[in-house]
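Enquirer: Turn these sequences into a full structure, and let the hints steer you where they fit.
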Amino acid sequence: MTEWVFFVAAPFIALLLQGIRRKLNARMQNRIGPPVWQPFLDVIKLVQKGKSDSEGNLNFFFVIAPIIFFITTWVMFLFVPFAIWSFEFDFLLLIYLTILSGGLYVLAGFASDSPLGVHGAMREMITMVVYETSFTLCLFTFIVISGTLTLANYPPEGLLLQAPLAAVILYLIGSIELKITPFDTAEAPTEILEGFSTEFSGAGLAFLELGDAMKFLFFCVFIPFLLFGTGNMWLFALLVLLFVFIFTFSKVTTPRFRVDQVVQVYFVVLILAVINLAWVII
Amino acid sequence: MHNTTLPIGPQHPSIKEPMCLRIRLDGNNIENADLRLGYVHRGVEKILEGKQVDSALYVAERICGICEVSHTAAYLSAVESAMNISINDKVKYLRTFLIELERLHSHLMWSGFLAHEIGYETLFMYSWRERERILEIFDKYTGGRVHHNVSKIGSNKYDLPENSKKFIFDRLDAVAKHAEKYRREFEKDNIIKARLENVGVIPEKEAKRYCLVGPIARASGYKVDVRKDNPYFAFDQVDFNVITRNEGDAWARTLVRMDEIQESVNIIKQLINNMPNEKLPKPELHMNASGEAVGHVEAPRGENFYYVKINSGYLERAKIRTPTLNNIIILEKILKGYELGDVPVIVGSLDPCFGCLERIMVAKDKKIEEHDEDSFRKKYCEIQKPEVSYD
Numbered sequence: 001m002t003e004w005v006f007f008v009a010a011p012f013i014a015l016l017l018q019g020i021r022r023k024l025n026a027r028m029q030n031r032i033g034p035p036v037w038q039p040f041l042d043v044i045k046l047v048q049k050g051k052s053d054s055e056g057n058l059n060f061f062f063v064i065a066p067i068i069f070f071i072t073t074w075v076m077f078l079f080v081p082f083a084i085w086s087f088e089f090d091f092l093l094l095i096y097l098t099i100l101s102g103g104l105y106v107l108a109g110f111a112s113d114s115p116l117g118v119h120g121a122m123r124e125m126i127t128m129v130v131y132e133t134s135f136t137l138c139l140f141t142f143i144v145i146s147g148t149l150t151l152a153n154y155p156p157e158g159l160l161l162q163a164p165l166a167a168v169i170l171y172l173i174g175s176i177e178l179k180i181t182p183f184d185t186a187e188a189p190t191e192i193l194e195g196f197s198t199e200f201s202g203a204g205l206a207f208l209e210l211g212d213a214m215k216f217l218f219f220c221v222f223i224p225f226l227l228f229g230t231g232n233m234w235l236f237a238l239l240v241l242l243f244v245f246i247f248t249f250s251k252v253t254t255p256r257f258r259v260d261q262v263v264q265v266y267f268v269v270l271i272l273a274v275i276n277l278a279w280v281i282i
Numbered sequence: 283m284h285n286t287t288l289p290i291g292p293q294h295p296s297i298k299e300p301m302c303l304r305i306r307l308d309g310n311n312i313e314n315a316d317l318r319l320g321y322v323h324r325g326v327e328k329i330l331e332g333k334q335v336d337s338a339l340y341v342a343e344r345i346c347g348i349c350e351v352s353h354t355a356a357y358l359s360a361v362e363s364a365m366n367i368s369i370n371d372k373v374k375y376l377r378t379f380l381i382e383l384e385r386l387h388s389h390l391m392w393s394g395f396l397a398h399e400i401g402y403e404t405l406f407m408y409s410w411r412e413r414e415r416i417l418e419i420f421d422k423y424t425g426g427r428v429h430h431n432v433s434k435i436g437s438n439k440y441d442l443p444e445n446s447k448k449f450i451f452d453r454l455d456a457v458a459k460h461a462e463k464y465r466r467e468f469e470k471d472n473i474i475k476a477r478l479e480n481v482g483v484i485p486e487k488e489a490k491r492y493c494l495v496g497p498i499a500r501a502s503g504y505k506v507d508v509r510k511d512n513p514y515f516a517f518d519q520v521d522f523n524v525i526t527r528n529e530g531d532a533w534a535r536t537l538v539r540m541d542e543i544q545e546s547v548n549i550i551k552q553l554i555n556n557m558p559n560e561k562l563p564k565p566e567l568h569m570n571a572s573g574e575a576v577g578h579v580e581a582p583r584g585e586n587f588y589y590v591k592i593n594s595g596y597l598e599r600a601k602i603r604t605p606t607l608n609n610i611i612i613l614e615k616i617l618k619g620y621e622l623g624d625v626p627v628i629v630g631s632l633d634p635c636f637g638c639l640e641r642i643m644v645a646k647d648k649k650i651e652e653h654d655e656d657s658f659r660k661k662y663c664e665i666q667k668p669e670v671s672y673d
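Same order as they appear, the protein sequences are chains A and B. Numbering (my numbering) for the first sequence: 1 to 282. Numbering (my numbering) for the second sequence: 283 to 673.
Because the hints were derived from the structure by calculation, they are not lab data. You can take every hint at face value.
Partial list, computed: chain A residues near chain B (C-beta under 7 Å):
#1 GLN29
#2 ASN30
#3 PRO115
#4 THR181
#5 PRO182
#6 PRO189
#7 THR190
#8 GLU191
#9 VAL252
#10 THR254
#11 PRO255
#12 ARG256
#13 ARG258
#14 GLN261
Simulated pairs of lysine-lysine, DSS-like, Cα-Cα distance not exceeding 30 Å:
#15 B:LYS333 to B:LYS434
#16 A:LYS51 to B:LYS298
#17 A:LYS45 to A:LYS23
#18 B:LYS490 to B:LYS505
#19 B:LYS551 to B:LYS510
#20 B:LYS434 to B:LYS447
#21 B:LYS564 to B:LYS333
#22 A:LYS23 to B:LYS459
#23 B:LYS448 to B:LYS434
#24 B:LYS333 to B:LYS601
#25 B:LYS615 to B:LYS487
#26 B:LYS470 to A:LYS23
#27 B:LYS298 to A:LYS49
#28 B:LYS505 to B:LYS615
#29 B:LYS298 to A:LYS45
#30 B:LYS448 to B:LYS459
#31 B:LYS470 to B:LYS551
#32 B:LYS487 to B:LYS601
#33 A:LYS23 to B:LYS298
#34 B:LYS439 to B:LYS372
#35 B:LYS463 to A:LYS23
Remember, predicted model here, so these are calculated numbers, not experimental data. By construction, the Cβ of each residue, glycine as well, lies at the ideal position given by its N, Cα and C atoms.
Expert: See the structure below:
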């Protein structure tokens, strides 16, 4: 029952976490910041608004990409942190889904038919080549250690001690997946006006924002799930909040890398991921 | 996705005032850039013409919001030397005090702005908090945070309020302390260095060739500063260094400005400590003076130059050359070869101020006409004499 409640409430929890994150962000920057429920108001307002009539946006993918992006990120909560839908090889499906949600972001950028959106999508594609590979290799480490391809059988005490290097890799991958500085090059508001979402408006933008918020929640849940396990639910919830704080702190205290510099950093991460996997296998 | 043209502006988060930069991209690299201006043109020089010298001061004060004092001071310097008015030491000190406060506020605002360009929102918020302290000093002295209206020809409206020394020193100390911290951040932070170093490099030779002024020239090793080269007001009575660096990149331009903040704080402290005990002369109207002169002032962005010609108390001609006009010309050249992510950094590091810059350019019928002084006057300023027939 708890599993299903969490799954259904995931969008709301995600928006609440966004609110907490924005408030934290503001307090660290010496501002008052918006109220915690502001993301709910934002989404409600966006849904009520009409969509843009630009001719370039009248294509099928432009309409469908945000909705599939939202659904894909929601479906990921069927597997993590509670294995609601469990079958053999569901670990691999989850890896595929996380990559798909990044891919849909790229699709949204290309479909928006704007040079800014296309540049955002290009930057995301360039970096995806490196970081998704590292992400997959890093997750293979956990598969090798736990010896299971089913998330329901994942050890509830977590695998931090067996693969400490993976913690660093997962944090860095989380930063770039969630577009958190210093790795938010694909969005870069002062360079390409947030790239993907520039042309979106109304309900499409609301779905993109919801999807973003849920992706943030997913990574805040997934990293503690892999490293610390779900043995003690209170500890797990605390760790989720800790990761919200860590990601917010990273966003507040760092400037942004250029795209070539991001790729350089993630080549190092890729090498680390290979070393990590090799070390575990040997 | 090769060869796209990307418009940056007129409305864009990386520029604080309207301009349009059309960038031709080959993949992610800039092939060439085309700068289009004219969005805030107001014809200020024409407005100044024919105005009585005392009332023209109000127009000069409103040319720019950031370097308001520099425009006022340059105008006053030109007008006073044209009319042979000598000002006493008190007025000189007060004007110098305002000019340096303005440099502090402009540099702090700019450093926050550059931090925002590279995605460092926190430094942006913190820098602007320090700027707020300077605005408090402005508010205490002039009653206005941005527009001050305290200068008069040959005099100043008010003296510094009594017992304001502690108020000012407290704020200056806080600003100096925090600015030093932010300077360290700009100097030591690896990501900031990775973004700013070797970006938008201007060698000294190019700086001289393009007649660059202000911190941009000084960051390329070209030591040019009106405060030292041709001291005006009380700058010959204070002790300060002209900050220069030799790298010529965006990082050097940042550090030059951050160092100038400390120098400005020192100058202001010297001015307050040595403030003469004279009375301010009573402001008066100047109805019959004539003459012709130039005035120049080191604004936060470089040399601000005014030429005025006065005929019987009225301005016959006023010519303004602002530092951004000198500095913006090199923008298209230094953008070439860098990539799209460097555009905000390069544009930001030049610190353009379009309110100052745009005075002679006409946007009409979707075509931009560029004029020199004479053709502009011929086309738009000549009064068409009505044809009178005596038949």
